[in-house]
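Starting from the known structure of chain A, arrange chain B on it as the hints suggest.
The listed protein sequences derive, respectively, from chains A and B. Quick note: the first sequence, position 296, residue 296 per the numbering used here, numbers continuous. Quick note: the second sequence, position 29, residue 29 per the numbering used here, numbers continuous.
Where hints are given, some of them may not hold.
[What the hints assert, rightly or not] With a straight-line cut-off of 30 Å between C-alpha atoms, the simulated DSSO-like cross-links for lysine-lysine are:
| no. | chain 1 | residue 1 | chain 2 | residue 2 |
| --- | --- | --- | --- | --- |
| 1 | B | K400 | A | K396 |
| 2 | B | K400 | A | K113 |
| 3 | A | K422 | B | K175 |
| 4 | A | K105 | B | K400 |
[Stated by the list, open to error] Which stretches of chain A does chain B cover? Using the computed rule of at least three CB atoms under 8 Å from a CB of chain B, they are:
| no. | segment |
| --- | --- |
| 5 | 293-302 |
| 6 | 307-319 |
[As the list claims (entries may be wrong)] Far from chain A by the CB rule (all over 12 Å, computed), these chain B residues:
| no. | residue |
| --- | --- |
| 7 | F6 |
| 8 | I29 |
| 9 | V49 |
| 10 | E81 |
| 11 | K112 |
| 12 | D144 |
| 13 | T247 |
| 14 | A258 |
Just so you know, these hints were derived from the structure itself, not from any lab. Cβ coordinates follow ideal geometry from the N, Cα and C atoms, glycine included.
2 protein chains.
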Amino acid sequence: MTQIEFAKKGAITAQIKHVAQVEQLDESIICKNIAAGTVVIPANAGHPVEGICGIGKNLRIKVNSNIGTSSDVGTLEGELEKLDVSIRYGADTVMDLSTGGDIRKVRRSILKKSSVPIGTVPVYQAMIEAGEKYGPIVMATADDLFNAIEEQAREGVDFVTVHCGITQAAISSLKSQHRITDIVSRGGAFLIGWMLHHDKENPLYEHYDRLLEIAHKYDVTLSLGDGMRPGSIADATDRPQIQELLTLGELVERAWSAGVQVMVEGPGHLPLDHIMMNMQLQKSLCREAPFYVLGPLVSDVGAGYDHITGAIGGAIAGIYGADFLCYVTPAEHLSLPDSEDVRNGVIASRIAAHAADIVRSQGKAAEWDRRMSLARKNLDWETQTTLAIDPERVRKVRSKYTVKGRACSMCGDYCAMDLVEKYLGITANKC
Amino acid sequence: MTQIEFAKKGAITAQIKHVAQVEQLDESIICKNIAAGTVVIPANAGHPVEGICGIGKNLRIKVNSNIGTSSDVGTLEGELEKLDVSIRYGADTVMDLSTGGDIRKVRRSILKKSSVPIGTVPVYQAMIEAGEKYGPIVMATADDLFNAIEEQAREGVDFVTVHCGITQAAISSLKSQHRITDIVSRGGAFLIGWMLHHDKENPLYEHYDRLLEIAHKYDVTLSLGDGMRPGSIADATDRPQIQELLTLGELVERAWSAGVQVMVEGPGHLPLDHIMMNMQLQKSLCREAPFYVLGPLVSDVGAGYDHITGAIGGAIAGIYGADFLCYVTPAEHLSLPDSEDVRNGVIASRIAAHAADIVRSQGKAAEWDRRMSLARKNLDWETQTTLAIDPERVRKVRSKYTVKGRACSMCGDYCAMDLVEKYLGITANKC
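Same shape as in the complex, but just chain A:
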């Protein structure tokens, strides 16, 4: 039985207990939300990890870090280091998106080493191996696809991105749209290439029941990919994107009927004033299934700093319903991220998620900020350091200059906190 099936029977699983404890929420609420499909716990029955997490309604917004090799760059050791960095800086889940080198070996090592749930995009392995076997990647068969999914599920992958919403109808819509950046989803491009080459429907859509069977067997959570996501501000919220979202809404309901946990992926590049509408549309069309967004990036010109364009979009998405933020690193659009990029990406997304949680959680998340502010007022640097989102970074910045007094080197002798305490007669606040 899957988490959703247990929950429908009202059974409080070990996973629910864990999530309830971490989130300081009632077990029965989480159980109810899993049964309703508004919360998922990506936890492959064959891959027990310490850092289980729930994603969705009423829960803290989660952050995913993407790692993995490309055909140009990346080694097993390098990717395992990125896994470490991701978890150390607070990623809730990690996706292995390897497309180069020994894909299997990298995935197996990551699965073995990770203390958090692992996601993958199995179409990568299926089509890249087909390319190695037959020549062009589009020579992969439908069986190749499902075999890769089953192999990865058997090995313990907790959630898989599957671009089931790319249909021939969506491609027609794409052709008539005349986008600037047609397709920016790699998995989406693989499948569209296959569909156009063979002039056939997407196997992941046509044989969706076969996918559901595999997902059910291992309790792998499906993450319905958005192959049609806009890759530029100019293409935001257009017909192909929404055409695909309509299909994803149907597929969410079919997953629930089959006892399979499911979430939905979303854009991408969106101007600030499209974000609220996109979140509300997904929640409405997909009956409040958890929403996993890639950014959204609020401008196209931030290359080199796209962790910032993504954090701006992610924070706003979070207020209006995004439950799960896929990080964006400073290397996005330019190169494979290195470990430093991974750290910056994770922290930026965590800031976005927390800023939205302050609003969503009705005061619960802001307790962290309150304690930090008290330490700030009290010029208690040790507590500020411990409470900061990245204590190591705070130590590094603080150590740059010699500080003469109680304050920091920005205000030195003229610290507002210090001055006001002196003249207003307000002494250190107590927690």
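For chain B alone, coordinates are given in the frame of chain A:
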């Protein structure tokens, strides 16, 4: 005559011509807005600079960089380097907030070297010099304050932050509020210390006409400081903050009557769901005077990464009415920024400003993104680099790994753009 007086007579000044050309707007619209007080051009009559800019209604959101020494750190050379970095990376204005070393010499050098408008907070010099002369800084006289303002205006400062809204009424409000972080404004703390020590009204409020006279004489733009700004999420939008804002609204109208250009400063630390309301409130209470915001920071725990918490807040503030973003650097709350922090702060604020401009400018600002996206679709790396917000950074990231094909090292052989072009038969887009 000041810009606002010329504008009231319908005279198109050289400054208006320049701003109209840069913003691609009709001169008469800018003239009308300056006359109405909804746009300012901070341009001291005695300090001609190449990079004049307008701030306010219908204009591109501007970004300010804060530099300057502290009593702990900072040299003339170092601050001049930060001036260079600020301008090179796109700051529209720079404020010299020096409080250490030879404050006069640093300011004069910055004024001489800068190609953009310069702002200051004259109360720093007034009170620090008083401290050196009399012992405690609060021994400064009202004359000391006005003399410092006049000296700096005479030397060519284009805009000054003056905390005129800190009244005894606002201090009473502060005392009854029991904030966590009472006062985080350095200038605010100076004045509150003075007011409490002498048990007198704020000279900048009591003798506001004297201030207006100086501002009028040199056409210095007043930036009405928010000494009561919230310094933590917990203190956001409370009584002292709004009490001060009410006073600032009155002072805006008195400045206009005196033919003095004026803008209003705003928070500070605000949770995401307070930002829209704060922007609307300022616009309403201050009759659409340009709004200059410090952040806003959407969480307190981002120390080390506060350029990101500030960019999230700044972008949203921009959509709802902020006209001018004061940058926040990664060193905020921890130390004086170094040149690298300055670069990161300027770029993060520019991203926030541009993301909001995409929404505010009805398509005009998004033309930059459209061209970038075309280059991205065409895998035209040279154009992408040139169009990126920081071309140097893009080159650095791109050079990290060897790229084998046309794509970047993230997707290598499996670039979505490449694949789709091949299978969808869509060839390179034309601009």
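To see whether the hints hold, each was checked on the structure:
| no. | hint | in the structure |
| --- | --- | --- |
| 1 | B/K400 - A/K396 | holds, 24 Å |
| 2 | B/K400 - A/K113 | holds, 27 Å |
| 3 | A/K422 - B/K175 | holds, 14 Å |
| 4 | A/K105 - B/K400 | holds, 25 Å |
| 5 | 293-302 | holds (count 5) |
| 6 | 307-319 | holds (count 8) |
| 7 | F6 | holds, 35 Å |
| 8 | I29 | holds, 23 Å |
| 9 | V49 | holds, 26 Å |
| 10 | E81 | holds, 15 Å |
| 11 | K112 | holds, 25 Å |
| 12 | D144 | holds, 16 Å |
| 13 | T247 | holds, 19 Å |
| 14 | A258 | holds, 30 Å |
The structure is consistent with each of the numbered hints, conforming to all of them.
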